[in-house]
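Assemble the complex: chain Y is given as a structure, and chains S and Z must be docked to it using the hints.
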Amino acid sequence: MATELENQVGLLEKQLKKLQASQQKDQLSIVVFSGDLDKILAAMIIATGARAMDMEVKLFFTFWGTAMLRDKKKSPKGKDFMSRMFGFMLPKGSTQLKLSKLNMCGMGTSMLKGLMKKKNVASLEEMLATAAELGVEINICQMSMDLMGFKKEEMIDYPNLKYVGVGSYLADAGDSKIQLFI
Amino acid sequence: MATELENQVGLLEKQLKKLQASQQKDQLSIVVFSGDLDKILAAMIIATGARAMDMEVKLFFTFWGTAMLRDKKKSPKGKDFMSRMFGFMLPKGSTQLKLSKLNMCGMGTSMLKGLMKKKNVASLEEMLATAAELGVEINICQMSMDLMGFKKEEMIDYPNLKYVGVGSYLADAGDSKIQLFI
Amino acid sequence: MATELENQVGLLEKQLKKLQASQQKDQLSIVVFSGDLDKILAAMIIATGARAMDMEVKLFFTFWGTAMLRDKKKSPKGKDFMSRMFGFMLPKGSTQLKLSKLNMCGMGTSMLKGLMKKKNVASLEEMLATAAELGVEINICQMSMDLMGFKKEEMIDYPNLKYVGVGSYLADAGDSKIQLFI
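Residue numbers (numbering that gives the first Met the number 0), protein chains in the order written: chain Y, 0 to 181; chain S, 0 to 181; chain Z, 0 to 181.
Everything labelled a hint here was simulated from the structure, so no lab data went into it. For glycine and all other residues, C-beta sits at the position ideal for the given N, C-alpha and C. Careful: at least some of the hints might be erroneous.
Stated by the list, open to error - Label-pair ranges, simulated between beta-carbon atoms:
1. Y:A128 x S:L160: 33 to 39 angstroms
2. Z:K117 x Y:A128: 33 to 39 angstroms
3. Z:Q95 x Y:M103: 28 to 34 angstroms
4. Z:R83 x S:Y162: 43 to 49 angstroms
5. Z:N119 x Y:G77: 17 to 23 angstroms
6. S:K24 x Z:G164: 21 to 27 angstroms
7. S:G77 x Y:M52: 30 to 36 angstroms
8. Z:F87 x Y:D53: 52 to 58 angstroms
9. S:K13 x Z:Q19: 16 to 22 angstroms
10. Z:G77 x Y:E125: 54 to 60 angstroms
Next comes chain Y alone, as it looks inside the complex:
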């Protein structure tokens, strides 16, 4: 009789451990696909907010988003023609981003930046610095780097910048309570 109960409890223990292992962590995972100022602002506000609440935060920059992570003071040599073309057409760094709407040749973008200053909302550059301090993890899609011909030496200085593939993103996202595509 007792051994039957013991077996039952042992089985419960195993199942419970399995459940615990597969549980999603207090973690936020965002694919930053967009290269628009407004959308990246939203991503950074959510990311720094989550870190302030002590959640782990993993950003995965891909496609247009990667262009924002270039440092405008760095100019790597040895790019082929297509890479130079792409590099030239895309915004270089966060200060060159535009709004997805109402850009109106830059007037809307300037207006928003003016409003943000006036209302004491941190600029994107300040947010990136805060994100680095708070420990927001930034991963960059290696395939996007290859496609657009970006080189590691032209990216911004950021703690532990990692270059990863879609498998790494999926593993992180599966472990995260919250997943967004922005």
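This is chains S and Z only, laid out in the frame that chain Y set:
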């Protein structure tokens, strides 16, 4: 022997309670960032569909999305110049929204609205009314309100409209089985 | 004494089963709303990557996304005027998609396609074939089909293409560890 088993069972009970407490609810959380007719339609169709399946639904309107929640019959006084400018450039209420693509000076948007009527798909205004009836919860990003200079007295009449910050959104999203950014 | 413990264990067992039943599966659910080449590429890369990691993958094509699933070799008869108009204005099949940015009358789109070929990134057509082989499940929003006047006989050949409603999407998404809206 028996006490050992009792302790084991007590421990299991505690771990199980912890698991239950951290479990995500049958709840849907959507960030409505976009101000495009098509995307907001998608958000409202998913939201009302989820309520019909008895899920809790929490919408978090931010950035361009907030403009849609203004009531075109209300005109608050005392706005500064920038706020008036922004207010003027953004669509006021759901009837002024445009498609993200194929707008073609309004023709595409009219065509879609005509098609929706013909095929008995509810208009956005009807969907908002249904959402209110079904108990879809609408939260508005306070920071967006401040940035765009919108005032609470110009927003639509909707039951329990709340003005919240990113922390409140993250808490809701973490509790939700499904989270989307639209 | 023993029976009390037995009852306790029995209760634990029930609660554990309930937890297991409500647990999200190793499954990815994506709403493919966008009709842009870049965004659909991102969706397909994530989807095939997830299948390669043995996750279940359920795509839900809606709105602009559905246009991509039309077969350009098929031309169904008997459409009304509005449906023919919509069908004409929307891209027919994956080869006609454009970039969401930098399209520049097709030059940007051609450049990207050229780069993808050069860097050995699979084209969208190849990715769809891979997705079919790997068992990525494609569901199409029935309401979008109705709205845009698309007919089942003009859609691409894909294994087990299903036409579903928002309820079916929500059930799948609620069961999925990762949910995205692209």
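Hint by hint, here is what the structure shows:
1. For the hinted restraint 33 to 39 angstroms between Y:A128 and S:L160, the CB-CB distance of approximately 34 angstroms keeps it satisfied.
2. Taking 33 to 39 angstroms as the suggested C-beta distance range, the pair Z:K117 and Y:A128 conforms, at roughly 36 angstroms.
3. Restraint check, Z:Q95 to Y:M103: a C-beta distance of roughly 30 angstroms satisfies the suggested window 28 to 34 angstroms.
4. At roughly 46 angstroms, the beta-carbon separation of Z:R83 and S:Y162 lies within the given 43 to 49 angstroms, and the hint holds.
5. Roughly 20 angstroms separates the CB atoms of Z:N119 and Y:G77, a value that falls within the hinted 17 to 23 angstroms.
6. Taken as a hint, the range 21 to 27 angstroms holds for the pair S:K24 and Z:G164, whose Cβ atoms sit roughly 23 angstroms apart.
7. Judged by the Cβ atoms, the range 30 to 36 angstroms given for S:G77 and Y:M52 holds: they are separated by roughly 35 angstroms.
8. Roughly 53 angstroms separates the CB atoms of Z:F87 and Y:D53, a value that falls within the hinted 52 to 58 angstroms.
9. The hinted window of 16 to 22 angstroms between S:K13 and Z:Q19 holds, with their beta carbons roughly 18 angstroms apart.
10. At about 59 angstroms, the CB distance of Z:G77 to Y:E125 agrees with the hint of 54 to 60 angstroms.
Checked against the numbered hints above, the structure breaks none of them.
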